[in-house]
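Chemist: Starting from the given sequences, assemble the full structure and let the hints guide the process.
Number of protein chains: 2
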Amino acid sequence: MQLTRRQQQVYDFLLQQHHETDHAPTLDEICAHLGVSSRGSMHKHIQALIDAGLVEAPRHKHRGIRLKTQSGGHDDRLPLMGYIAAGQPLEAVSEPESVQVPRHLHTGKDCYVLQVRGDSMMDDGILDEDWVIIEPCNSSRNHEIVAALVDHSEVTLKRIEQKPGEVLLHPANSRMQAMSFEPERIQIQGRLVGQMRRYF
Amino acid sequence: MQLTRRQQQVYDFLLQQHHETDHAPTLDEICAHLGVSSRGSMHKHIQALIDAGLVEAPRHKHRGIRLKTQSGGHDDRLPLMGYIAAGQPLEAVSEPESVQVPRHLHTGKDCYVLQVRGDSMMDDGILDEDWVIIEPCNSSRNHEIVAALVDHSEVTLKRIEQKPGEVLLHPANSRMQAMSFEPERIQIQGRLVGQMRRYF
DNA sequence: AGATAAAGAACAAATAAAGAACAAAAGGTA
DNA sequence: TACCTTTTGTTCTTTATTTGTTCTTTATCT
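Listed in order, the protein sequences are those of chains A and B.
For what it's worth, our numbering labels the leading residue of the first sequence as 0, then goes sequentially.
For what it's worth, our numbering labels the leading residue of the second sequence as 0, then goes sequentially.
Note that these hints are calculated values from the structure, not bench results.
Don't take each hint at face value.
Same chains, same label: a pair holds when it works inside one copy or across any pair of copies.
Claimed, not checked - Capping the alpha-carbon separation at 25 Å, the derived lysine to aspartate or glutamate pairs in DMTMM-like fashion look like this:
id : residue 1 : residue 2
1  : LYS162    : ASP122
2  : LYS108    : ASP21
3  : LYS43     : ASP21
4  : LYS43     : ASP118
5  : LYS108    : ASP11
6  : LYS43     : ASP150
Modeler: Here it is, written out as structure tokens:
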């Protein structure tokens, strides 16, 4: 079933919300975000998404928390959460968007998509404008590529090396050097599980 | 059935849009893009494309929605034709397989998928085991990455440079050198339009 | 002349929005 | 618990906007 434009916007917003907060938004909140002023109209869009099998109907009990995206479902879209660059804060997308991602490129565990800015990982085959699929997690094995939050302010994509009392973030670019941090300054947000690129 | 110039422009635009956004454009949007100011005229072009079998008519229900391109593939899977490596014959897959490919990674023109063997393109961000999406074509612009058939026997993925009386195939690996061939020995099979990788 | 293209008007159906009215939670207070 | 208020989802009807379709007329180009 093909979604209309509005329905797609609503769905993309829900996907993104799902990653930023735990509780699903209320109809009014969705309305506010999309600039609609009628709950009733929004309800109709939600109903269409339910019919399309993209969101779960609210539990027969209702209220407060609502629609849940079908986890583990057969849904091939993931939210585009923003852009990730070396040494700069994660820049969020202005409008909620989603990106089609083949199932074999993600793990099914609430992955999301970032678009790469810059060449800091070029030697690992990750180029400017590539899309990367991130699986949220709190820890990682050494030498995995992760999205790491530095000092609660900047997110970068780097290969991580955790030593006793020290965390090293390795760029993959011969012109750049690894950076060393105290472990407290680094928070792992997720690990790289997939990557996509287009040439046209 | 031969397309007129305008029809071709419209068709190209539809293909392009279909892979960047997931919604086919409205008549007005196509008009705006091509500098036409009459929906009615555009509708006639679309109708011609439908007659030519190049696009799908809007849903059995009619209006309100957008036109949907779709030449052949109804779903988002492309055939996996084999493996491509530097300097070795294309190895076909033993069993026909297909790979899920997001729409924005291919052009809609009968693309297919190959899996990369080897590191000959690593400096261009194409690594061992990556999937590449190839659009069949007979010629290419210089410095595009193409799948080229050498001496009717070996297929390789290389960046191509066509000079008068000479064709250069450039690997992207500092340990390898460009190879020069007489033009008769090289047949272009397709050009690289997309790439995918997984890390788990 | 004949094919191709464009403009624009008029129309119909799909899509979207607004708003009212109501009922089922949720949350608070005594 | 009992009672009340607020929030939120649901169901309507009504209206507006967008978009595809069908025409007629005119222009352009070989």
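Chemist: Please write out, lowest number first, the hints stated earlier that are contradicted by the structure.
Modeler: 4 and 6
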